[in-house]
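Asks: Need the complex rebuilt from these two chains, each delivered in its own frame; the hints are there to steer you.
From first to last, the protein sequence lines stand for chains U and G. The first sequence runs 1245 to 1356 under our numbering. The second sequence runs 147 to 261 under our numbering.
Treat the hints as calculated values from the structure; they're not laboratory data. C-beta: ideal position from N, C-alpha, C; glycine also. Incorrect hints may appear among the rest.
Said to hold, decoys possible - Covered stretches of chain U, as calculated for chain G (at least 3 residues, CB under 8 Å): (1) 1287-1299; (2) 1344-1356.
As the list claims (entries may be wrong) - DSSO-like cross-link-like pairs, simulated, lysine-lysine; straight-line CA separation at most 27 Å: (3) U:Lys1348 with U:Lys1315; (4) G:Lys149 with G:Lys201; (5) U:Lys1286 with G:Lys201; (6) G:Lys149 with G:Lys199; (7) G:Lys217 with U:Lys1348; (8) G:Lys199 with G:Lys164; (9) U:Lys1286 with G:Lys164; (10) G:Lys217 with G:Lys149; (11) G:Lys216 with G:Lys199; (12) G:Lys217 with U:Lys1286; (13) U:Lys1286 with U:Lys1348; (14) G:Lys149 with G:Lys216; (15) U:Lys1286 with G:Lys159; (16) G:Lys217 with G:Lys201; (17) U:Lys1315 with U:Lys1300; (18) G:Lys159 with G:Lys201; (19) G:Lys203 with U:Lys1286; (20) G:Lys203 with G:Lys159; (21) G:Lys164 with G:Lys203; (22) G:Lys199 with G:Lys217; (23) U:Lys1286 with G:Lys216; (24) G:Lys201 with U:Lys1300; (25) G:Lys203 with G:Lys217; (26) G:Lys201 with G:Lys216; (27) U:Lys1300 with U:Lys1348; (28) G:Lys164 with G:Lys201; (29) G:Lys164 with G:Lys216; (30) U:Lys1348 with G:Lys201; (31) G:Lys216 with G:Lys203; (32) G:Lys199 with U:Lys1348.
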Amino acid sequence: GESVGLHLPTLSVQEGDNSIINCAYSNSASDYFIWYKQESGKGPQFIIDIRSNMDKRQGQRVTVLLNKTVKHLSLQIAATQPGDSAVYFCAENIGGYSTLTFGKGTMLLVSP
Amino acid sequence: DVKVTQSSRYLVKRTGEKVFLECVQDMDHENMFWYRQDPGLGLRLIYFSYDVKMKEKGDIPEGYSVSREKKERFSLILESASTNQTSMYLCASSLSLGHLGETQYFGPGTRLLVL
Chain U
1245 GESVGLHLPT
1255 LSVQEGDNSI
1265 INCAYSNSAS
1275 DYFIWYKQES
1285 GKGPQFIIDI
1295 RSNMDKRQGQ
1305 RVTVLLNKTV
1315 KHLSLQIAAT
1325 QPGDSAVYFC
1335 AENIGGYSTL
1345 TFGKGTMLLV
1355 SP
Chain G
147 DVKVTQSSRY
157 LVKRTGEKVF
167 LECVQDMDHE
177 NMFWYRQDPG
187 LGLRLIYFSY
197 DVKMKEKGDI
207 PEGYSVSREK
217 KERFSLILES
227 ASTNQTSMYL
237 CASSLSLGHL
247 GETQYFGPGT
257 RLLVL
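So here's chain G without its partners, still in its complex pose (with noise of 0.2 Å):
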């Protein structure tokens, strides 16, 4: 079974912190990305990457930056948090089939509160 762990379920921060949200993966997958999800406007990919120290923007990067130093991390990095970014943060890997789709595994979510 595919495994997607985040370094923590509900965090609070305080506007102007700098945030890091961790993501592992345990099945040697060459993509990672991260969402966010807020009620009414679904899944919005933020990052993604296809392999270590690539990253790619996705439809929302703004306030956010990415770090892929290993194949099995990849960390979203809010560097000033603002509450705008209250939301709830998936993780998700994927194994790269070329020019086959195939399915994103989610971590279980890290919810985000900005005061």
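Chain U extracted, bound-state conformation (with noise of 0.2 Å):
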């Protein structure tokens, strides 16, 4: 079926590879920040947030890096697996709003 990935920008790696995807944020108001992972054919899946008063955040294999300076967010998977094959992307939201404003997306292809 038609996919989202498509006109993606697509980052391929191997497994066991460590995997590093950005995402360039808009708003030097952003104050809140989540990285999604989207399977094909289902719906976005939360991952990992970060806010603004910190510069790192772990989680289990995955690390969110935070750089205000430069408005930018990075997504650090260790150890890639086939099973991350998917699309990522990031949100930013602006405290007291409900709404999220999220990024295009980049695809991860892992191979075996």
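Replies: Spelled out as structure tokens, the structure:
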């Protein structure tokens, strides 16, 4: 079926490699950031979040880094597995508002 | 775990039909959202609701309406479906934390084809 991955930048890695997915956000007033994973035909799934008073946050096999100076967010996935193959996108929020602004996403392809 | 469910995974409708997409969340969340997702365009907000019977337009509300009669349920209505409304529709919910940003939790999506 049609994939949300069409027209997206793609990162291809080998199983076991570390992956880094980048996101440039737009609003210097944004103070909360989320990474989502979306597998083909499914809804986005929360991975990890970070608030602007932090530079780094770690989860299980994932780390999010925030550089407010250059408005850049990255997601690092350690020991990437074939099951990590998906579209990953970031979202930003300005405190006091309920809505999120989403990036277009990056497709991660993991080869066995 | 937050659970957001959508009434249909796939729908096929004809041009001019009235279409209802239903979304239910079981976490007593205040906020609910409807998005459409198209290749190359990402997620675009159609409507959202921050309370029962309240609604706010998102970025692309034209051709859509919504209904929130109960806290757990948020419906998206296409009054007269058109082929350019063929898309993946995603519902999300979030707990209202006031001044703090918060995660939105998504349903599995409804892929709508309008012929």
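Asks: Now, for every hint given, state plainly whether the structure supports it.
Replies: To see whether the hints hold, each was checked on the structure:
no.: 1; hint: 1287-1299; verdict: holds (count 6)
no.: 2; hint: 1344-1356; verdict: holds (count 5)
no.: 3; hint: U:Lys1348 with U:Lys1315; verdict: holds, 16 Å
no.: 4; hint: G:Lys149 with G:Lys201; verdict: holds, 22 Å
no.: 5; hint: U:Lys1286 with G:Lys201; verdict: holds, 26 Å
no.: 6; hint: G:Lys149 with G:Lys199; verdict: holds, 22 Å
no.: 7; hint: G:Lys217 with U:Lys1348; verdict: violated, 30 Å
no.: 8; hint: G:Lys199 with G:Lys164; verdict: holds, 21 Å
no.: 9; hint: U:Lys1286 with G:Lys164; verdict: holds, 25 Å
no.: 10; hint: G:Lys217 with G:Lys149; verdict: holds, 14 Å
no.: 11; hint: G:Lys216 with G:Lys199; verdict: holds, 8 Å
no.: 12; hint: G:Lys217 with U:Lys1286; verdict: holds, 24 Å
no.: 13; hint: U:Lys1286 with U:Lys1348; verdict: holds, 16 Å
no.: 14; hint: G:Lys149 with G:Lys216; verdict: holds, 16 Å
no.: 15; hint: U:Lys1286 with G:Lys159; verdict: holds, 21 Å
no.: 16; hint: G:Lys217 with G:Lys201; verdict: holds, 12 Å
no.: 17; hint: U:Lys1315 with U:Lys1300; verdict: holds, 14 Å
no.: 18; hint: G:Lys159 with G:Lys201; verdict: holds, 26 Å
no.: 19; hint: G:Lys203 with U:Lys1286; verdict: holds, 25 Å
no.: 20; hint: G:Lys203 with G:Lys159; verdict: holds, 24 Å
no.: 21; hint: G:Lys164 with G:Lys203; verdict: holds, 20 Å
no.: 22; hint: G:Lys199 with G:Lys217; verdict: holds, 9 Å
no.: 23; hint: U:Lys1286 with G:Lys216; verdict: holds, 26 Å
no.: 24; hint: G:Lys201 with U:Lys1300; verdict: violated, 35 Å
no.: 25; hint: G:Lys203 with G:Lys217; verdict: holds, 18 Å
no.: 26; hint: G:Lys201 with G:Lys216; verdict: holds, 13 Å
no.: 27; hint: U:Lys1300 with U:Lys1348; verdict: holds, 22 Å
no.: 28; hint: G:Lys164 with G:Lys201; verdict: holds, 20 Å
no.: 29; hint: G:Lys164 with G:Lys216; verdict: holds, 21 Å
no.: 30; hint: U:Lys1348 with G:Lys201; verdict: holds, 26 Å
no.: 31; hint: G:Lys216 with G:Lys203; verdict: holds, 19 Å
no.: 32; hint: G:Lys199 with U:Lys1348; verdict: violated, 31 Å
Hint compliance for this structure: hints 7, 24 and 32 are not met, and every other hint is.
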